[in-house]
Amino acid sequence: MSVQVRIIIFCVGLGLLALVFALVRKGRFREELSVVWLLIGLTAMLSSGADVVLDRVAFKLGISYPPVLGFVMLFLVLIFGFLYFSVVTSDLKSSLKELAQQTALLEDELKRLAEKMSRQ
Amino acid sequence: MKTLVIIPAYNEEGTIQEVVMRTQREIPSADIVVVNDGSSDDTPRLAEQTGAMVLNLPCNLGYGGALQTGFRFATRHGYEVVVTIDGDGQHDPSGTHQLIAVMERERADVVIGSRFLQGQYRVGFARKLAIRVFSHLATRYTGTTFTDPTSGFQALSRRAFSYLALRDNYPLDYPDVHIIMALHRMNFKVVEAPVRMVEKVGGKSMHSGLKPVFYVVRMSLAIVMVLLKKV
Numbered sequence: 001m002s003v004q005v006r007i008i009i010f011c012v013g014l015g016l017l018a019l020v021f022a023l024v025r026k027g028r029f030r031e032e033l034s035v036v037w038l039l040i041g042l043t044a045m046l047s048s049g050a051d052v053v054l055d056r057v058a059f060k061l062g063i064s065y066p067p068v069l070g071f072v073m074l075f076l077v078l079i080f081g082f083l084y085f086s087v088v089t090s091d092l093k094s095s096l097k098e099l100a101q102q103t104a105l106l107e108d109e110l111k112r113l114a115e116k117m118s119r120q
Numbered sequence: 001m002k003t004l005v006i007i008p009a010y011n012e013e014g015t016i017q018e019v020v021m022r023t024q025r026e027i028p029s030a031d032i033v034v035v036n037d038g039s040s041d042d043t044p045r046l047a048e049q050t051g052a053m054v055l056n057l058p059c060n061l062g063y064g065g066a067l068q069t070g071f072r073f074a075t076r077h078g079y080e081v082v083v084t085i086d087g088d089g090q091h092d093p094s095g096t097h098q099l100i101a102v103m104e105r106e107r108a109d110v111v112i113g114s115r116f117l118q119g120q121y122r123v124g125f126a127r128k129l130a131i132r133v134f135s136h137l138a139t140r141y142t143g144t145t146f147t148d149p150t151s152g153f154q155a156l157s158r159r160a161f162s163y164l165a166l167r168d169n170y171p172l173d174y175p176d177v178h179i180i181m182a183l184h185r186m187n188f189k190v191v192e193a194p195v196r197m198v199e200k201v202g203g204k205s206m207h208s209g210l211k212p213v214f215y216v217v218r219m220s221l222a223i224v225m226v227l228l229k230k231v
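Respectively, the protein sequence lines represent chains A and B. Counting in the working numbering, the first sequence runs from 1 upward without gaps. Counting in the working numbering, the second sequence runs from 1 upward without gaps.
I should point out that these hints are in silico values taken from the structure, not numbers from a laboratory. Please note: incorrect hints may appear among the correct ones.
[Unchecked claim] Here are some chain B residues pointing at chain A (derived, C-beta under 7 Å): (1) L55; (2) N56; (3) L57; (4) P58; (5) L137; (6) Y141; (7) G143.
From a predicted model like this one, the values you see are computed outputs, not experimental measurements. Cβ atoms here follow ideal geometry from the backbone N, Cα and C, with glycine treated the same way.
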């Protein structure tokens, strides 16, 4: 990998980290959800020099074509990312259900109270 | 007995008034609540015109989510029996008497109205196959014969609906065979009774398109979860 490519990958990772920090600071991204993206940014920065390590690890694991190891690692990171956000979505859906049901029931209570008061 | 009829409705403006009025004629002593599941059409206004109570969900939760809202309403207002009828006009409300009679006779907690115990009812091949498989599973697991575990026409005792009103005891989408199994596991008595159902007269089926495939996978997973759940 040429030095220029390494610098570009490093800068992209750094840019992603800076963007996530900025979004968290502005309150547009919740801290607990940003952790995954901070890790992705950090991984992108480190991957600018990963080929040196990747080649050695791949050959030690008996993988003759080192990029395969990179793809496998990327795939695993994405799978865990999807899993994490699926859990978050499920939690949100449960909370949304509770809120929607409570809203409908409270709206009904309010209507009954208003009718009762107008009769008095 | 203080009875509440719950009618979940999502975009059922073509049928909702007819369903409510038929229910009012058949069971004049029962209260009726229409749970408007975030409809984008005129369903809530038309339902209110009939004199029924209307609960408006701010967004579409799904069939199970709407029914659970009704169960919560029934628990809060001290109803003793709840009957669930679909808003699409598929269920004949006259069957309610039969469901409640069987509930009293059998001392059951839940009575499921089966369209297959009485007369003929046409369903598509994929759905028929799914109903057969899930009926067999429910029958084997509970020891009680089930022919129509996907039926939404049901009568529930206070004990049963107040249990299902609890947070995670009822699914948002399809409350079918796994709920029968879960109720059996919690020592609720679930039985079937024959009812008459008519072909859909309006609305869109929740089992259309690729949904049956998703349904079978979803239901199989739900069954495994019920079997693994600690009582």
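Task: Proposed interface contact between L55 (chain B) and chain A, which counts if any beta carbon pair is under 7 Å - done: Holds, about 4 Å.
Task: Interface hint for L137 (chain B), Cβ within 7 Å of any Cβ on chain A - done: This interface hint is violated because 25 Å lies over the 7 Å limit.
Open item on the list: Take the shortest C-beta to C-beta distance between L57 (chain B) and chain A; is it under 7 Å?
Closed with: holds (5 Å)
Open item on the list: Is the interface hint satisfied for P58 (chain B)? The criterion is a beta-carbon contact with chain A at less than 7 Å.
Closed with: With Cβ-Cβ at 5 Å, under 7 Å, it holds.
Open item on the list: Given G143 (chain B) as an interface hint, is its Cβ closer than 7 Å to any Cβ of chain A?
Closed with: It is violated, given that the least Cβ distance between G143 (chain B) and chain A is near 33 Å, above 7 Å.
TODO: Hold the hint about N56 (chain B) up to the distance rule: shortest CB distance to chain A must be less than 7 Å.
DONE: Constraint on N56 (chain B) satisfied, holds at 6 Å.
Task: Cut-off 7 Å, beta-carbon criterion: hint that Y141 (chain B) touches chain A - done: violated (26 Å)
Of the numbered hints stated above, those contradicted by the structure are hints 5, 6, 7, listed in ascending order.
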